Each structure stands twice: as structure tokens, then as C-alpha cells.
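Given next are the chains, with one letter for each unit.
Number of protein chains: 2
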Amino acid sequence: MNKSIDFERAWAALSKMDDILILTHLSPDGDAVGSMFALYLALKQLGKNVRCIIKDIPRSLKFAEVPEAFAEFNEKYVVTVDVGDKKLLGSELNALYGERVDLNIDHHGTNVMFAKETLVVPEASAACEVLFDLFDFGGINITKDIANRLYVGIATDTGCFRYLNTTSKTLRTAARLLDSGAESGRINNDLFETKSPQYVAFEKAAVNSLSFYFGGKCAVMLITQKMYDEAGIVEADTQGINGLPRMIEGVIAGVTVKERSGGVFHASVRTRDPINAADICSVFGGGGHKYAAGCELGTDSEAAVIKIVSAVEENLKAAGLL
Amino acid sequence: MNKSIDFERAWAALSKMDDILILTHLSPDGDAVGSMFALYLALKQLGKNVRCIIKDIPRSLKFAEVPEAFAEFNEKYVVTVDVGDKKLLGSELNALYGERVDLNIDHHGTNVMFAKETLVVPEASAACEVLFDLFDFGGINITKDIANRLYVGIATDTGCFRYLNTTSKTLRTAARLLDSGAESGRINNDLFETKSPQYVAFEKAAVNSLSFYFGGKCAVMLITQKMYDEAGIVEADTQGINGLPRMIEGVIAGVTVKERSGGVFHASVRTRDPINAADICSVFGGGGHKYAAGCELGTDSEAAVIKIVSAVEENLKAAGLL
Chain P
1 MNKSIDFERA WAALSKMDDI LILTHLSPDG DAVGSMFALY LALKQLGKNV
51 RCIIKDIPRS LKFAEVPEAF AEFNEKYVVT VDVGDKKLLG SELNALYGER
101 VDLNIDHHGT NVMFAKETLV VPEASAACEV LFDLFDFGGI NITKDIANRL
151 YVGIATDTGC FRYLNTTSKT LRTAARLLDS GAESGRINND LFETKSPQYV
201 AFEKAAVNSL SFYFGGKCAV MLITQKMYDE AGIVEADTQG INGLPRMIEG
251 VIAGVTVKER SGGVFHASVR TRDPINAADI CSVFGGGGHK YAAGCELGTD
301 SEAAVIKIVS AVEENLKAAG LL
Chain G
1001 MNKSIDFERA WAALSKMDDI LILTHLSPDG DAVGSMFALY LALKQLGKNV
1051 RCIIKDIPRS LKFAEVPEAF AEFNEKYVVT VDVGDKKLLG SELNALYGER
1101 VDLNIDHHGT NVMFAKETLV VPEASAACEV LFDLFDFGGI NITKDIANRL
1151 YVGIATDTGC FRYLNTTSKT LRTAARLLDS GAESGRINND LFETKSPQYV
1201 AFEKAAVNSL SFYFGGKCAV MLITQKMYDE AGIVEADTQG INGLPRMIEG
1251 VIAGVTVKER SGGVFHASVR TRDPINAADI CSVFGGGGHK YAAGCELGTD
1301 SEAAVIKIVS AVEENLKAAG LL
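So the protein lines, in turn, are chains P and G. Read left to right, the first sequence gives residues 1 to 322 (the working numbering). Read left to right, the second sequence gives residues 1001 to 1322 (the working numbering).
Since the hints were made in silico from the structure, they are not lab data. Hints may contain errors.
[Stated by the list, open to error] BS3-like mimics (lysine-lysine), calculated; alpha carbons at most 25 Å apart, straight line:
1) LYS1062/G with LYS217/P
2) LYS1003/G with LYS1290/G
3) LYS226/P with LYS1204/G
4) LYS1290/G with LYS1317/G
None of these values were measured; they are calculated from a predicted model.
Build out the structure end to end from the sequences listed, making use of the hints.
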């Protein structure tokens, strides 16, 4: 199946399932956590048997967890949310479930269509925006608990309505979630308006690691495990840092290279027009969106930086900017 | 007149005016600039003779200016936007026009009702949200140029939809502005996603000036003219810094004390529940909103900090937090 199914078919598929396992991508962000537990609650509303597997939920997103979602049973169906490629499930879950995903609900234009059926809406700001429409279609009652989780996903993936993926439909969806009781004030405060002293220390080190290329058109931040340790913070609690390099005036491609726990370096690439982040990351088997994408770059930090800077250079040249 | 008039009366008042001067508050932010020029364009649409007086527009808001709005003529009527108190016009404009403001359109709950007639909607996130409803009432065509300016005001005063003043109505208003052509992507980028190298240098100095009181419940940043000079930046381009002290985990009252060009120190106070920023600032004749307010504290920096910290202490004690 290499084409998205429509809402009707996705809803029909979900409706006939029971004993469902929900998975999302590694290093879960607000959209991964929010869409997982919003879908869990919606399926419970339909009386289904559902469970979730997820690890490394950031501290600021812990509130979105549903504790009873972790009770184990033998699943008959597997549904994934916010997953553009089964590799992003992580090697362990990919080995166990990668070949047997019945339905994937996503918003990545680079989705590789690995599931038996895929509902992917690239115009949606977040998987949670897709889920909202799907719930609307299926007549799910948007409770406060569901609204909170869908709001978290949309707010995270739009940088709280700052990024270019925010459409008038995104804003109207958020308005409906507020009307359904989403505690946007508290959630925005926790996600966007609060920095721990550990984060402040980490951020200083991250800013000091910035290096610039191509007359300031590319900025690269290099984050090592040592920096996490010294600041007393874990990677999961530092996702906000990825937006920083692109914020500096003149930067068209902002890159954050992070050493993950296994020693592999991962790049998060954020771009401005006309540079496409997903194009840059696809060279290394990664993917994402036009202005935000990611990829893995091996275990050597220097080589990782050289690789990604070269890919940025190619794209700047192709766009006539170098 | 110590009660807000309604939209019908405000529209009737505007409709009968001609040769109109529009003013806004000193140190204009996005809502001041946006509401001034949105109203200018709406009144021009009605064929009226209109002019504006404003100075020190931040660099990031220059695009919202309308050059032809500065042509001089003898005004018959004076309208103010986003002004809670005529003192905030600045001494010069207050002396010239403070006593003859025909209509004030505002959203500050602390509005002192200085104008002949006042349309104030404290539930509105921004003066621009009030104007949107007024234009809707009056049948103004929300052109792209008007939509851009109203969007700037709402985005600024809500921290791009992060702050507690963001309601579902605010989000729906923003959605309608996007549908009317507001270039939210570009505007958000310029206002929230771009830092100049000068700002990055200024921000480092500002963070280093932080001091904490009452077990970290109060954080104070002290900004001097020297810090602006050393970073090569002007105050108007540093308004984003005001949100920083409250962002630190545990801070309930975040204060930014800034030396203004005349040597007077001004405090911007941001709070979290249950502390009311307007209450703190009212002690010094200032005002604003529940979570964001301002006041002047004299020409001595040390005394300024002691004064505002004492007022914070009072409020923390009254709330049982000390």
C-alpha cells in the first residue's frame, strides 16, 4: 500500500480491531506521547482492549501518560502513531513488530508506507491534528483527557503555533480542544515557559558549542553525553534545544548533532526557505518535514559534523546560495 | 465615563469622526504598533483623514508601519489604542493630548478611563483582538494589510499563543486572520524565531545579572544602559527579555528592571498563580494585567530593586507563600 487511505477506511480498520498494541517513535516528543495516549483513550471509549509500549518520556510530558495503558496482554493488532519509518521504532520494537503494523497514523510527508495500511496527512501540523479529525469522523467524545493530549501534540509540533506548519485549521483545531477543556495554560507553561536550573546550565554549554559555516548560513551545535552528565540532565529533557541554531539571524540551516546513549550521533536539522531539511537528512537515510528533519550519522562526532555540513553545503549550492 | 462603552457605541463614535490622530503607548510593542496601523488602515478604508504619532518602533516591527500615516494636519479628534493610562503616552504627548482623547480602545483591566469614551475588553488578549471584533461589527474588509497588523498584536501579547490570556476565541480570531492573508509564518519568524548576534550577546549579560530572592520564588534581572551599549542594541529591540526571569523553574514573580534613556528605572513584572502582577505594580502607580504588568521606580537602581522586591515580598506573604 503506497498511498494514504482516507478517514473512512482508517476508521473502519480501527473499529474492527481489538486487543490493540499502540507504538510510537523512539525519543518520543509531545506529538508521539500525545497521539499515543489520545488514541489509547479513544479506543478505550469504544470498549476495546488496548495497551502501549513507550520509554524515555520527557519529564515535561509525564503528565500525559495513562498508567493503566501498560498492562500486558497478547495483542492481535498493532497500530503506530507519528512514525514515518519503522526504523524509528528502535531496533528492539522494530524487530518484534516492524513487519506486522496493521495501521499507521502519521503526518510525515516522507512516510515510507511500511504498514499494512497508512493514514498520512502531510498538511497536518501533527499526528494529533490527524487524530482529531479521525475522532471527529468517528464520533469520539473529545473529553478533557483526550483534549489535553491532542493539544500537547499540536503545541509541540508547531512550537506552540510559531512554525510554518501552523495553518488556520491548526488554530481552529486548538480552539476546539480548549473548548473541550484542554488545559493549554498549564501545558504551555510546562512545555515552553519553564526552564530547570539544569536546563539553564545545559543551554549555556550548548550555546558555547555553536560553530558557523558558509558565512553564517549554517550553524551547528554539538551535544555530547558528557554535556548531559555535567549539567545533570537527560537527553529526553533537552528537546527544546534543537530549535536554537536556526534562530540566529542569517542561519538558513540550523543543525543540532547529539550523541545518543549508544554512542551514535543523531542530527536534528531545522531550515528556512528555500532549504529543505528532509532532503538534507534523506542522504543519510533520515526523514521528516520541509523545515525540520532528522537522521543518524554514525559514532564519530567529527565525521558526523563533516557529513551533515557537507550535505548542507550541497543543498545551499543547489539553491544558488553559495 | 468610568465604564466601557459597547461596540455599537464605539463604532458610532468612530464613524462620525474625521481628521483623526491615533496615538499609542510609549515603548510600543507589537500590540501598540499593530493596533495603531490596523486602525489607521480601517479608517482610511472609510475614506477618513487620519494620521499617527509614534516613536521607537522596534526593528522587528518596522514592517507594520504605514509611511503615509505620518503626514501632518490639524486633527479634530484623538483616538488612543492599547493605552491603560494617559501617563503611558509619555510626558510630551500626554501634555499635548492627554486631556482631549475622544476614544480609547484597550484591553487592560487596569484602564483608568482617562478618555471621553473608552472601549475596554479585559478578556481580550490584545487591543488587536478588540479591534478585530470592532471591525467585524462595523463591516470593515479585513485586507491582508490589516490582517497582518492585527496578527502582530495578538501574537505579541499572547507570546504567540503561549500565555494564559490565549482563549479559544483568540485562536479562532487568529485563524480568521490567517484566512484573510496574515503572513503568520514570516511574522512569527521575525518576532519569535530570530535572534541577532547583538541580542545573543545582550541576553548573556542579562542572564548573568539575575538574582534570586525568597528561596527562588522571585527572580530579578537588572538591565542598564551600559549593557545595551556594550551589546550594540537599543532597548526597543530587547522586549523579549522580559519573559525570561519567570521562566526559571520555581519562580512565581519574575522581574526585569530596565534603565530607560532618561535614567529612570522601569520594572516589568511577570507572575504565576496566585500572584497578581498588576497588584504589585499598582503600589508604584503602574498597571497592566494579572500575569504581566509594569511600573516606574525612580532613578536609583539599587533602590528600584529594593522597592520592587519588597512589593513582591508583600504579595508572596499575603498569598501564604512566605
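These are the hints, each one checked on the structure:
1. LYS1062/G with LYS217/P: holds (24 Å)
2. LYS1003/G with LYS1290/G: Answer holds: LYS1003/G to LYS1290/G is near 20 Å, not above 25 Å.
3. LYS226/P with LYS1204/G: holds (23 Å)
4. LYS1290/G with LYS1317/G: holds (17 Å)
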